[in-house]
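**Q** Could you build the full structure based on these sequences and the hints that come with them?
As given, the protein sequences belong to chains A and B, one line each in that order.
With this note's numbering applied, the first sequence covers 133 to 342.
With this note's numbering applied, the second sequence covers 133 to 342.
Treat the hints as calculated values from the structure; they're not laboratory data.
Fair warning: this is a prediction, and the values are worked out from it, not measured in the lab.
Certain hints may be false.
Identical chains blur together in the list; that is why a pair holds if it fits in one copy or across any two.
[What the hints assert, rightly or not] Here are the simulated DSS-like cross-link-like pairs (lysine-lysine), alpha carbons at most 25 Å apart as the crow flies:
#1 Lys218 / Lys261
#2 Lys248 / Lys218
#3 Lys334 / Lys261
Number of protein chains: 2
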Amino acid sequence: MTPDQLIAALNWRYACKVFDPSRKIPGATWAALEESLVLTPSSYGLQPWKFLIIENRELREQLVPHTWRQRQVADCSHLVVMAVKKALSIEDIDAFITRMAEVRGGTPEALMGFRKMVGGTQAQGYMSKEWAKMQAYIALGQFMAFAALLGIDTCPMEGFVAEKYDEILGLEARGLTAAVLCPAGYRHPDDRYAVLPKVRFKSSDVIEHR
Amino acid sequence: MTPDQLIAALNWRYACKVFDPSRKIPGATWAALEESLVLTPSSYGLQPWKFLIIENRELREQLVPHTWRQRQVADCSHLVVMAVKKALSIEDIDAFITRMAEVRGGTPEALMGFRKMVGGTQAQGYMSKEWAKMQAYIALGQFMAFAALLGIDTCPMEGFVAEKYDEILGLEARGLTAAVLCPAGYRHPDDRYAVLPKVRFKSSDVIEHR
Chain A
133 MTPDQLIAAL NWRYACKVFD PSRKIPGATW AALEESLVLT PSSYGLQPWK
183 FLIIENRELR EQLVPHTWRQ RQVADCSHLV VMAVKKALSI EDIDAFITRM
233 AEVRGGTPEA LMGFRKMVGG TQAQGYMSKE WAKMQAYIAL GQFMAFAALL
283 GIDTCPMEGF VAEKYDEILG LEARGLTAAV LCPAGYRHPD DRYAVLPKVR
333 FKSSDVIEHR
Chain B
133 MTPDQLIAAL NWRYACKVFD PSRKIPGATW AALEESLVLT PSSYGLQPWK
183 FLIIENRELR EQLVPHTWRQ RQVADCSHLV VMAVKKALSI EDIDAFITRM
233 AEVRGGTPEA LMGFRKMVGG TQAQGYMSKE WAKMQAYIAL GQFMAFAALL
283 GIDTCPMEGF VAEKYDEILG LEARGLTAAV LCPAGYRHPD DRYAVLPKVR
333 FKSSDVIEHR
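**A** Shown next as C-alpha cells:
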C-alpha cells in the first residue's frame, strides 16, 4: 500500500447518484467489507450498533419513498443501514464485558475496574443516541474508504425518514434507530456526477499547523 | 489492494495507549494522510471542519491535563484535533458555493438551486454542532483506516475537556469546537495493549441480513 494509491482511491470515490442495478459485488469482496464493519473501532470498544445488509429487492423498493425517492437504496448491490442503540444500558456494557472475558480471559477484578469506569460514563448520560450515531459515522468513514480501495462505489445518505425506516425494519421495538445509510455497488455509466471535479476547500483553508 | 490486506491492517490496528515519542512520521506519508483529511466526504460536501495538526511540544504538554492526563496527545508524532463549526451559517454555505463555482464552473442557476436546497436544510436547524461532529467522525474513521494501511498507529480520543481545548487553541472565538482527537505515530514497544486480542462481538451479533 503506497500513499499514492490511497489518494488515488479517494479521488476516484464520489457520492454515487446512480447505481447500475445489474451489477453485484462479488462474494469475497463483500465478505471483506462486512468483516471491516465488524472490526470498526468505537468508543471504549462498545460497538453500539447493528449493521443491516439489505439485498431483498421488495424491501428496498419499500424504503425508496422514505428516502426522498432517491433510488440508490434500491439500485445498489448491497444496502447498509447503520443502526444504533438509542441509549446504551448497563446491560449492553455487561454484554461487552462478557465478550471481553470470552476473547481475552482476564481477571474479574480487571473487568470490574473497566465496568466501573465505563458504567460511570454511562450513568452520567453520556452514551446517548447522539454518541451512538457518532460511532456509526466512524463505521461510515472507514467503510467508504475501504470500498473505494476495492473499487466499490458508495453513497453516504442522511436524507431519509428514520422513523419510517425504524418501523419498516422493526428497529423501533428493539431500541434501535437507523443512523445513516450507505448503499454500495457500481456506478452507472449514465451517472453524470461521476465525472464532475471534486469540490474541496483548499488545504490551507482546512488544515492548520501549530 | 486485496481484501486480505484491508482486513490485516484492521487487525493490526488498535487504540494505541503508549506512543514512542522518539519516532516521527516521514514527510511523504504524513502529506498523504493530510491530503486524505482534505478529501474526506461530508454531508452535501460542506466540510464543516478545521483539522489542527499540532506538533509543538509545549502546546501538547499544555493539553495533557485537559485530556485526563493521557500522554498520547504529547507523545505521538502528529496530534490531529478535529474541530467543527458550532452551527453552520448561510455564509458558510455561500463559501462552499463560491468554491464550487471556482472548481466546477457551472451556471448561477444551478448553484442557486443548490443554495436553496442546502439553505433550506440549514434554516430548519438541521446543521447543528451534533451534525457537524458526526461529519468529523467520518474523517476520524477514514483517517484511522488509512493510517493503519500505511503502518501508522492512531488512538481515537473522546476523553478531553472540549472547553479547555477550545480556549487554549483559540477555537472558541472562531465559532469552532474540538470534536474529537486523533494522535498518530508509532506504538511504543512497552505498550501492553498492542498484543491484547481485539474484542469484537461475533459477526452474527452485529450483522443482520435482510
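**Q** Next step is simple, just say for each hint if it's right about the structure.
**A** Outcome of the hint check:
Taking CA atoms no more than 25 Å apart as the test, Lys218 paired with Lys261 passes in both settings, with 4 Å inside one copy and 19 Å between copies. Taking the shortest Cα distances, Lys248 and Lys218 sit within 25 Å of each other inside one copy (21 Å), while across copies they are farther apart (32 Å). Taking the shortest alpha-carbon separations for Lys334 and Lys261, only the inter-copy value of 23 Å comes in at or below 25 Å, while the best intra-copy value is 33 Å.
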